[in-house]
Amino acid sequence: MNFKTFAAFVGPSVIMMILFIAFPLASVLKQSFYNTKPIYETVEVESCSPGFPDQICVTEKKSVPKLDDEGNIIETTEFVGLQSYSNVLELERAWNAVKTDGLIALQSIDFWKALRFTLTFTLITLPLVLAGGLGIALMINNATSAIKGPVIFLSLLPFIITPVIGALSINWLFRGDGILTAFIEWYLGRDVSLFAQAWTIELLMMLYRVWHVAPFAGIVFYAGLQTVNTDALESAVIDGASRWQRLKYVVIPHLTPLIVFVSMIHLMDSYRVFEEVVGFSSQGYVISLQWLTYDFLVPDQAGNRSVSRASASAMITMIGIAILLVPLLRRTWNDHKGGH
Amino acid sequence: MLKKLALAGALSVMTSGAWAACAYENTTPLKSLSAGFEAWKAVTDAMAECGNFQASLDQEFREKQPEAFAAKPALYQIGGVANSTMIPLLNAGTIRPLDDLVAKYGQHLAPNQLIKVDGKTYAIAMMVNLQHLMYREDILNDLGIEVPTTYAEMIEAAKKIKEAGVVDYPIGGTFKTGWNLGEEFINNYLGEGGEFFTDGNMPNINNEKGVAALEVMKALTEYMDPEYLVSDSTYVQQQFQQGKIAMANLWASRAAAMDDEAESQVVGKVVMAAAPMGSERPASSLWWDGVVFAANMTDEEAEAAFQVAMEGMDTEMVQANNDAAVWLIDGFTAGPLAKGAYETAQAGTAPYPGSGPMGIMHTVLGNGISDYLTGAKDAETTLSDIEAAYITAAKESGLVE
Amino acid sequence: MSSRALRQPLVLRITSATFLAVWCLVAAFPIFWIMVMSFKSPVDAFSSNPLNVIFGPSTRAGGNGLSLLDIIFGIIVIWATVRIATKKLPGMVEAYSPAGQKWVGWVIGGLALVLGFLVTFFAILPAILDVLNPMLGPLGRDIIGLTTEHYKTVWVERGFSNNFKNSMIVTTGVVVVSLTFGTLAGYGLARSGSRLAFAILITALIFRALPHSVLVAGYLPVFISSSEWLAPILGENAPTLYGKPFAVIAVLVAINQPFTIWMLRSFFQNIPAELDEAARVDGCSHFQAFRRVIMPVMWPGVITTGLFSFLLGYNDFLVTSLLLDAQNQTMVPAIAGMFSRETTTTDQVVAVAAAVSITAPLFFLVMLFQRQIVSGLTAGAVKG
Chain G
1 MNFKTFAAFV
11 GPSVIMMILF
21 IAFPLASVLK
31 QSFYNTKPIY
41 ETVEVESCSP
51 GFPDQICVTE
61 KKSVPKLDDE
71 GNIIETTEFV
81 GLQSYSNVLE
91 LERAWNAVKT
101 DGLIALQSID
111 FWKALRFTLT
121 FTLITLPLVL
131 AGGLGIALMI
141 NNATSAIKGP
151 VIFLSLLPFI
161 ITPVIGALSI
171 NWLFRGDGIL
181 TAFIEWYLGR
191 DVSLFAQAWT
201 IELLMMLYRV
211 WHVAPFAGIV
221 FYAGLQTVNT
231 DALESAVIDG
241 ASRWQRLKYV
251 VIPHLTPLIV
261 FVSMIHLMDS
271 YRVFEEVVGF
281 SSQGYVISLQ
291 WLTYDFLVPD
301 QAGNRSVSRA
311 SASAMITMIG
321 IAILLVPLLR
331 RTWNDHKGGH
Chain Z
1 MLKKLALAGA
11 LSVMTSGAWA
21 ACAYENTTPL
31 KSLSAGFEAW
41 KAVTDAMAEC
51 GNFQASLDQE
61 FREKQPEAFA
71 AKPALYQIGG
81 VANSTMIPLL
91 NAGTIRPLDD
101 LVAKYGQHLA
111 PNQLIKVDGK
121 TYAIAMMVNL
131 QHLMYREDIL
141 NDLGIEVPTT
151 YAEMIEAAKK
161 IKEAGVVDYP
171 IGGTFKTGWN
181 LGEEFINNYL
191 GEGGEFFTDG
201 NMPNINNEKG
211 VAALEVMKAL
221 TEYMDPEYLV
231 SDSTYVQQQF
241 QQGKIAMANL
251 WASRAAAMDD
261 EAESQVVGKV
271 VMAAAPMGSE
281 RPASSLWWDG
291 VVFAANMTDE
301 EAEAAFQVAM
311 EGMDTEMVQA
321 NNDAAVWLID
331 GFTAGPLAKG
341 AYETAQAGTA
351 PYPGSGPMGI
361 MHTVLGNGIS
371 DYLTGAKDAE
381 TTLSDIEAAY
391 ITAAKESGLV
401 E
Chain P
1 MSSRALRQPL
11 VLRITSATFL
21 AVWCLVAAFP
31 IFWIMVMSFK
41 SPVDAFSSNP
51 LNVIFGPSTR
61 AGGNGLSLLD
71 IIFGIIVIWA
81 TVRIATKKLP
91 GMVEAYSPAG
101 QKWVGWVIGG
111 LALVLGFLVT
121 FFAILPAILD
131 VLNPMLGPLG
141 RDIIGLTTEH
151 YKTVWVERGF
161 SNNFKNSMIV
171 TTGVVVVSLT
181 FGTLAGYGLA
191 RSGSRLAFAI
201 LITALIFRAL
211 PHSVLVAGYL
221 PVFISSSEWL
231 APILGENAPT
241 LYGKPFAVIA
251 VLVAINQPFT
261 IWMLRSFFQN
271 IPAELDEAAR
281 VDGCSHFQAF
291 RRVIMPVMWP
301 GVITTGLFSF
311 LLGYNDFLVT
321 SLLLDAQNQT
331 MVPAIAGMFS
341 RETTTTDQVV
351 AVAAAVSITA
361 PLFFLVMLFQ
371 RQIVSGLTAG
381 AVKG
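Residue numbers (the working numbering), protein chains in the order written: chain G, 1 to 340; chain Z, 1 to 401; chain P, 1 to 384.
Looking at chain G on its own, in the form it has when it is part of the complex:
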C-alpha cells in the first residue's frame, strides 16, 4: 500500500485525533510550563447584601483584576519552568517528611497519598480482573449450551452499566443502612460503618472495579477459548496431563495475546481511577491521581482554577501510565516486527 492510499484510509481518523486530542495535549504540555494569571489591584469597596432587619453593608479592601479598554481582564503569562511540577510533587517537603518520620509520612502530602492509592488500586485489581475474567470465561464455557446465552447476558450487565449509575447505586446500596450494609451487619451480627475508615472504602472501591471490569475480561477470554485447538488439548490428555497442567500449558499460552490486551486496557483505565473516588466520596480518606488533577482543574466558587498544576499533574499521570505500559508495549513491538 503506497503512502497516498494509506493516508486516504487513515486520514479522517488521524485528523480527528489531532484536532481533539493532540492539540489539547500540546496545550496541556505548554500550560504545565507556563502560568497565566490576571493582574490584581487592591481597592476599597463597599458591598451590601441582605440582612435582618436591614441590609448589611461592609467596606473592605478587595483584590480586583484590572480590565483593559475593551473590558477584558488583563492577564500575564510567564514561563515558570518546572515550578508547577514541583508544586504538585512537593519533593522537598516529601523528603523532609521521610527523613524525620519514614515512608509513612508521605501520606500527609496529596500527590504521594494519591500515587500510593493509585498504584495499590491498579496493581491489586489487575490480577483480580484477569483471574476473575478467566474464571468467568471457563465457567461459561463449562455451562450447558442451553443456559449459555442467559449466563453471558447476566455476566455482561456489570460491564455495560453506566459508570455514573454504578457509582450512584453504590450510594443507594451501601451508604448508611443501605441494603448491602444491612446484610453485612446481619451476617456479622454487629454495627458496620463501611464509609468510616480508609481500608473498608478502599476495599469496596476495588471490589466495585473488579465487578465492573471482570465481565469484559471474561467475555474476551471466552471468545478466545472458542478457538483453542481441541487436538492439542486431547493429545495433552493422552499424555496424562492433569486439568491444571492443560490449563497452564495449552489454554493460557493460547490466551496470552488476549491477556496482554486486557491488561493494557485495564492498566490504563485503573491508573486513571476517578469515578470510584467521586462515587464513594472517598476524598476524606483516599484520593487518586486523576482526582487530584480534576480537583486542581475544577473552578472553585469564585472561579479560580489551578490550570498549571492541573496540567503538570496530568502530564505526570501520563508518564506514570507510559512507564507501566512499557513491558506490554515492547511485546507488541516485537509482534509487529515479527508480523511483517
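Keep in mind the hints are simulated off the structure, nothing from the lab.
Since the model is a prediction, treat every value here as computed from it, not as a measurement.
Every residue, glycine too, gets a C-beta built ideally from N, C-alpha and C.
Heads up, a few of these hints could be off.
Here chain G is said to cover these stretches of chain P; the calculated rule only asks that three of the stretch's residues, wherever they fall, bring their Cβ under 8 Å from a Cβ of chain G [said to hold, decoys possible]:
| no. | stretch |
| --- | --- |
| 1 | 184 to 190 |
| 2 | 274 to 284 |
| 3 | 347 to 357 |
Taking lysine to aspartate or glutamate and the EDC-like style, the derived pairs with C-alpha atoms no more than 20 Å apart in a straight line are [claimed, not checked]:
| no. | chain 1 | residue 1 | chain 2 | residue 2 |
| --- | --- | --- | --- | --- |
| 4 | Z | K395 | G | E41 |
| 5 | Z | K72 | P | D325 |
| 6 | Z | K159 | Z | E146 |
| 7 | Z | K104 | Z | E401 |
| 8 | Z | K72 | G | E70 |
| 9 | Z | K104 | Z | E303 |
| 10 | G | K61 | Z | E401 |
| 11 | Z | K395 | G | E75 |
| 12 | Z | K120 | G | E46 |
| 13 | Z | K160 | Z | D142 |
| 14 | Z | K162 | Z | D142 |
| 15 | G | K66 | Z | D118 |
| 16 | G | K61 | Z | D118 |
A partial selection of chain P residues facing chain Z, derived with a Cβ cut-off under 8 Å [stated by the list, open to error]:
| no. | residue |
| --- | --- |
| 17 | E228 |
| 18 | T240 |
| 19 | L322 |
| 20 | A336 |
| 21 | T343 |
For this one, chain G is given, so just place chains Z and P on it according to the hints.
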C-alpha cells in the same frame, strides 16, 4: 387509574391557566443559566409564562457561567448566582449595573433585595439561606432537656440522649469532605469572630480561633454517625426523616422536608431554632441567591430580560411556592419553618464572605480538614498545611505575591 | 470441546455450576435491586429491611399495589408476548414481508408487537383487573406495594423523553462516525506494515491514556467563543459549538478513535490479505477492494466495535455534561442534575427510576447482540 390521570391532567391545565397571568408579554428570545434547585425551578417556570424564554437549570452552571457570559454576545441573558458565584462575573465585568432598570421597572423591590457593590446594584436577590438548629422536640421534652443555644450545650444534650438510648447518633452534620466540610469550618470560625485574611490576601486561620473551631467539630463527631465524612445535607435530612438523629445545624431550605408526609417518619416533631452561638456570632453564614444580567447584550434585550425576571420573582410566584425557600420577595409569609432562620439572622449572623481568595480558602479547607478529624494530623499541623496549600494556589492565581 | 476425553468429573461440574450461579447473582443483584426500589415509595425504597423494600408496606398503604391476581395476569401477558415474539413473529415476517426487504417486516412486526403489548398491559389489563379484583376477596387484595409514579415523574414532569431523544442523536452519531472513520483507518493500518502505521498505533494508545477531564475542560472556552474565532473563516454563519450535539459527537468520536482503530486493526489482520490482493490483481483499486471484498465480511468485528462505541457515547457523562446546554442534554447528565442542593428523598427515588430507565435500553441491546459480541470477538476483534 385512567380517571386519576385525566383528573391530574385537568388540574395541571387549571393551574397553568392561573399561572399564565404574566403582566409582560415578552417578544425577545431570552435564556437563563442557574443552579437547579426547587426555588430556581419555581422562579424560572414563572418567567417562562411570559413567553420566548428558555431556562437552563444546570449542575455545571458554575463552570459554564463565566465563559458563557464572556462570549460576545453572551449566550445567556439572565444568570442565577449566589454570594460567591457572582464574584467571577463581577471581576470579569460581564454583568451589568442595574440601577436604571431598577428605577424604571423595579420600584417595588425591597431594599434588602438589591445587592450593591461600590454603590451600584449588580444583582437582585430573591431568597436567603443559612444553617440553623433543627431538633426533635419530642426527644428533648421527654428527657427534660432545654433547647441548646451553643455547641457546648448541644454536646451536653447529645450525651444525655445517647445515655438514654433514644437514638444511636444524636447529632447530624453536613461533614462531607469538600465543600460541605469547608462550609462547616467557616461557620464555626465566623462564630468565633475570626478573620480569614490579613493584608495582601495572606491566610489567617492558624490561630486560637481556628483551633477552637476544629475542636468543636471534632467534639461533635463523637456523637455522629461514624460515616460523617460522606454525609451531605441530603443524607442528614434523610437521617432526620428516618428518626435516626435528634439534632443538627442544618440548612434552612431543608426544613420543609421534615414535615413531608410522603417521606418523613417524624412529621411535626422537628422544630427549628437559632443556630448555636459561637463566642461572638452564631455558627452559621448568610447566603443569598439572586439574578444577574449579562453586560454583553443590547439595552433592549436587557430591558426585556429584567422585566421577565421581575415577573418571575413576583408575589404570585412566592405565594404559590411559599415553603420552597426563605424568600425576600414581598408576599412571603414566614411560617413556623422560617422561625429558626429569622432568629439566627437576627442574632447577628455574618454574610458568607464571598471573594476571590475565599473561593480558594473554601476549597483547601474542604480538602484539608478531614486529616484532623480522622486523627492523621493535629490541629496546628492541619491548619498550617491548609495555609500552605492556600498560598500555593493563591500564588498561581495571582492573588498573593 | 465435546470430545469424550475432555469430559469432566461430576464434582467439578457441580462446583463450576455453583460458582456460576453465585457470579450471576453478584452480577445481576444491584441492577435488580435498584429496579425494585424504583417502584416503591421513598420510605420503603430506603428502608433497611429488605422485606419492606420488596413488599412495600408504606407504598401499599398509599393505595398503590398489586394483588395476586394482578401478578398472575401480568405474568401471563408477558409470557404470551415473549412466546409470540420468539415463535410466531419470525414466521409471520417470513410470510408477509416483501422479498429482499425482510427488515421492513421486522420493523413493522416489532412495532406492532410493542404497541400491542403496551396497550394490553397498561390499558386493557388494568381495566379488566379493576373490575375483577374487588369481586375476588383475598385473591384481589394488594399484597405487594408498587407504584409507577416515579416513572411518571421522570418521563412526564421532568421531560426525560427529550433527554432520551438527545441521547439517541448523540449515540447514533458517535457510532456511525466512529465506525466509518475507524474501519477505514483500521483497514489501512492492518494492511500497512510501515513504521508510520506502528507509530500511529502507539501514539493512539498513549492518547487513550490521557485523563479526559483535562482534555474536556480545555474545550469549553474554545467551544463557547467559537462564533468569534470562526467568524473570519465562516463569516456570519459561524456556529457556537457549545451546546451543539454534532460538536459533542466529534469530541466523543475522537476520544474513542484509539480504541476503535486498535480493535478493528486486529480484526482486519485476521482477514487474509490474499483476499483483497486477489481483487487488486483483478484491477480493483484499494478502495474498490475494500468495498467489494472486505465490507461483506467485516460485519462481526464492526458490530462488536460498534457496541463499544455505543456504550461510550451512551454512558458518557464528562463531555456531555460540560459541552451540552440544557435543551440538548442527554440522559446521563440529566440524572446527575436530579441531585441538586435541595435533593429530597423523593428526588432520590425519582433518580433511581431514571437510572433504571437509562439502563433498560442497554439491557435490550445486550440481549439482542450478545451472540454477535461473542462471535465478533472470536473472529479476532481483539488480538493484543
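So, against the hints stated earlier in the document, which numbers end up violated here? 2 and 7
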